[in-house]
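> In the order they appear, the protein sequences are chains D and L. Going from the first sequence to this note's numbering is simple: count from 1 and add 776. Going from the second sequence to this note's numbering is simple: count from 1 and add 13.
It should be emphasised that the hints constitute simulated quantities derived from the structure, not laboratory data. Take the hints with a grain of salt, since some may be wrong.
As the list claims (entries may be wrong) - Covered by chain D, according to a simulated footprint, are these stretches of chain L (three or more residues, beta-carbon under 8 angstroms): (1) 174-188; (2) 257-268; (3) 289-302; (4) 305-314.
Stated by the list, open to error - Reference excerpt, derived from the structure (chain L facing chain D, CB under 10 angstroms, subset only): (5) Asp160; (6) Leu163; (7) Phe165; (8) Thr166; (9) Met169; (10) Val170; (11) Ala217; (12) Leu250; (13) Leu251; (14) Leu273; (15) Ile277; (16) Thr278; (17) Lys279; (18) Gly283; (19) Leu317; (20) Asp320.
We put the CB at the ideal spot given by N, CA and C, even for glycine.
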Amino acid sequence: MFAFLIRRLGQAGVVMLVISVLSFSIQDELGDPLRELVGESVSEDIREQLREEMGLNDPFFAQYWRFLKKALRGDLGTSYFFKRPALDVIMDKLPATIDLVIGATFWILLFSVPVGVFAAINPRHWLSNLAMGLSIIGISVPVFLTAIFLIYLFSVELGWLPSYGRGDTVTLFGGWETSLLTRDGLAHLLLPSISLASVILPLFVRMIRSEMMEVLESEYVKFARAKGLTKRRIWMLHAFKNTLLPVITVGGVQLGIMVAYTILTETVFQWPGMGFMFLEAINRVDTPLIVAYLIIVGLIFVVTNTVVDIVYGLVNPMVNLTTKSS
Amino acid sequence: MSSANGMNAGTLAVRPERWRRLRDSPVFYSFTHNRTAMLSAAVLLAFVFATLLAPLLAPYDPWDLTAFDIMDSEIPPLGSAGADTRFVLGTDAMGRDMLSALLYGAGISIVIGVFATLLQAVIGVSVGLAAGYFGGRLDSLLMRIADIQLSFTTLMVAIIVLAVFQATVGLAFYEDFALIVIVLVIGIAEWPQYARTVRACVLAEKKKEYVDAARVMGLKPATIIYRHILPNTFSPLLVISTVQVANAIITEAALAFLGLGMPITKPSLGSLIKNGFEFIFSGAWWITAFPALVLVVLILAINLLGDWLRDVLNPRLYDD
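Input sequences plus hints: build the corresponding full structure.
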């Protein structure tokens, strides 16, 4: 167990290092930090001198080493546009994105489990067919189209819900701004969270259905049936519990995917979160902010994947952690 | 084996024999008895023909920006007030004919989907075959890389790469090379899907007797891999290929919507949707609605065909 933990954490560390090297090399490609600082009016001699002083002429790995040391202390550079530390800018935008992810997760949990389990237990029921048909439509409609359609229907045509922004927010625990606790905030959150959920919900419904159908075919379920246990007990206690195992792994990875899709959802709804900020940073060539975003998002991906792997190892009795080598 | 014998007997005899085998196969039977599958296939065929014949079918050239007349901008489609018979599906804000733009745009989307998937398949199948057949350290190294690559969403990787590419080379250069770069990015980012499937198949096939027999006969590993094992991995490959084409088209559309896909001078379906999005609020719905509809129908047809294939071929998509 301990060896597995160490190996898994070591791998996470290596991946983070690779991400930081890649992000840092982007910094080299995009724009000239000196021009951002002093503008065009400074003469070439002074430029060269400043360049030398700032260490911009040092070899790549010397510069990277400095960047890494600063990054480990939480200093990811200063945004050109906001004139503030990039990490602070991201931390300001993070609550909005987390609200969105919580909203989408709520819809996914609310619908995926009941619908998936129902469709697995009653594969020939017309409701199951309807759910499967809807899920394939859901997979086929890109998330930004769902968002545009929702805006057109509920904001432009019906005028029921706001089409952009976050609405009223409340500050919790000293600094956590959330729109989950105000009426106006929830109204603003409704459409974005539904669009974000629309990418992942159909995948979850299909996955839970197929996993559960497979489990229902297994020997121990047949045995439980032969023992004369009630159907409900077999479904819930025997089958559903084992369905959840693969759902945990895929679910954890989907959380990372959701972060990527927030860029699309936030752009359509002008939601003031990290994803929208990232796209604006790209358009403004705000390199430090881009690099900081990449590192933070990379960290989120790596942490979720590592946690999911470890939890899976702990939960699944069939995974023998001591001999797992691949 | 029988097809190889047929080859020797003469190519003329092969064709009717192959056709009969296809006609008598369970796959063909299932196809002709499944309305959804036939309809999806028909829609896809129509798409392929429409895009191949786009230069003949399209009333205007949607890539020739100098030919647009600003006086023709935002003309609604036939059937609504203010329509113009010259533009059946209306025009966009630049005065571009929507029908022509859709025919060419669908073609670009399909080209991106197919070529990105081909690239994924070439990389993924080679890696999967090598990892599965040789095993050991090579296998664990390659699969670790695949795991890590998979944990970063293609969309995320593509956004970053294209944003950096666009910012470094400038917009003019970007417009010329966007297609190639998009195919490369989506192609490279998704290879683990193929690699994992192929590797799982190879591991299962490797244990079978025909592989042992081939080895005992003294065939080289390369021959065994390509002539014996690879053909047996085709059905799962076919199934994931449909999904991958659909995903590649969606990914490009999403990139285009963020301004990182095909440029508006050579628009894909996604670029057309982005192009129309800002006019939705002023009531010019057709600039967005038609490309959106075409995109969804295209993806839906591919996915439905993929679903049917999965049910018929029933490949065990192993998870490991």
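> So which of those numbered hints doesn't the model satisfy?
11, 12, 13, 15, 16 and 17
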